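Student: If you read the sequences in order, they're chains A and B. Numbering-wise, the first sequence is residues 558 to 759 according to this note's numbering. Numbering-wise, the second sequence is residues 558 to 759 according to this note's numbering.
Derived from the structure by calculation, the hints contain no laboratory data. Do not take every clue at face value.
Since the list can't tell identical chains apart, any single copy or any two copies may satisfy a pair.
Unchecked claim - Below, simulated DSSO-like cross-link-like pairs (lysine-lysine); rule was C-alpha separation at most 27 Å, straight line:
| # | residue 1 | residue 2 |
| --- | --- | --- |
| 1 | K606 | K595 |
| 2 | K633 | K606 |
| 3 | K659 | K606 |
| 4 | K722 | K580 |
| 5 | K722 | K606 |
| 6 | K580 | K659 |
Source: prediction; values computed, not measured.
Number of protein chains: 2
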Amino acid sequence: MQLSPSLTTLIEALRCQPGIGPKSAQRIAFHLLERDRKGGTQLGNALIKAMTAIGHCQSCRTFAEQPQCEICLSPKRQDSGILCVVESPTDLLAIEQTGQYKGLYFVLMGHLSPIDGIGPSEIGLDILESKLQQGGINEVILATNPTVEGETTAHYIAQLCYRYKVDASRIAHGIPVGGELDLLDGMTLMHAFSGRRVVSQN
Amino acid sequence: MQLSPSLTTLIEALRCQPGIGPKSAQRIAFHLLERDRKGGTQLGNALIKAMTAIGHCQSCRTFAEQPQCEICLSPKRQDSGILCVVESPTDLLAIEQTGQYKGLYFVLMGHLSPIDGIGPSEIGLDILESKLQQGGINEVILATNPTVEGETTAHYIAQLCYRYKVDASRIAHGIPVGGELDLLDGMTLMHAFSGRRVVSQN
Ligand SMILES: [Zn+2]
Ligand SMILES: [Zn+2]
């Protein structure tokens, strides 16, 4: 017996979600059809809305539905003079959830990876460079992941900072090498922030 | 910082899926936005389509996009004179995947549960009764789950079969008590079928 076309399509489509294999996808599809069609339809609408309405903040590149995100629009954040560079919006979120950092962000949406054709402009470093050039930023905190690519990216940005006479520091304490920043608990992240070391100072 | 409204709605909506908690929902939402917007939109459309297009077969009550499902429309299946009663479409699917059973099905979409207000007509037993009355069915295989409710439901249907002089058998071997039918491997399921015992014979 073949499943009906819409059901086959749904089970296949559910697998775009990380961690959802064929068996989980089938169970989810049947669960929604049997017990929660309203929830299934709401999820459908929420997905379509989110995929079209959510773009990127013109200033920091994180996800935003307006031209600029809430953080970039905050005068208090703008006055901080501190810019934290992260690889992804989930990293930004993890740092925000500590409730301690009050500066601005710059979200690379990736890291330098020449082998994959990802150079400085693919991760917005041209935008970051013009920010450094404009002035108003006194310190850049490099919070890229402690992986080879993350370190390479941090090193590249540190050189940019040196060129524009902006202090750059690298978060250090407590991040397990090869680990993922957005999986850390808040305490470890705060230690990483307070234990940052200067990598370029003017 | 608050997440943007469409993103908050999406993360909440993703949780209608069994096994997806707040942390998984957030990771899925960010994954789709960062790396697979096309997949996210396709999933949205597949959900909306499936929740509206998929109804129930008028004859066996399983999921179908046409008035009758593929199995009920098969003359070979109709000629078998065997009807297997299961609780859910996933149970039907598990039995079909063994490739050995060639009869018809009747899908209860639940089981008797007086405490929850689920009586015979809520699980389609009026439709099943008229099938037995019409004739053409020589044996009913009771493949409800081996739980208290599943056994009670099987017992109730066995009595219906007795009334209409139709043999009824209960699948038996190999099903762990309290287990879920659709989680069993095909071999165990086949043993359960071949080891079925008569519970009502005329
Ligand atoms: Zn922003
Ligand atoms: Zn059918």
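Student: Look at each hint and say if it fits the structure.
Tutor: Here is how each hint holds up against the structure:
{"no.": "1", "hint": "K606 x K595", "in the structure": "both (16 Å within a copy, 12 Å between copies)"}
{"no.": "2", "hint": "K633 x K606", "in the structure": "neither (31 Å within a copy, 46 Å between copies)"}
{"no.": "3", "hint": "K659 x K606", "in the structure": "neither (30 Å within a copy, 44 Å between copies)"}
{"no.": "4", "hint": "K722 x K580", "in the structure": "neither (55 Å within a copy, 40 Å between copies)"}
{"no.": "5", "hint": "K722 x K606", "in the structure": "neither (43 Å within a copy, 56 Å between copies)"}
{"no.": "6", "hint": "K580 x K659", "in the structure": "between (44 Å within a copy, 24 Å between copies)"}
In this structure, the hints that do not hold are numbers 2, 3, 4, 5, in rising order.
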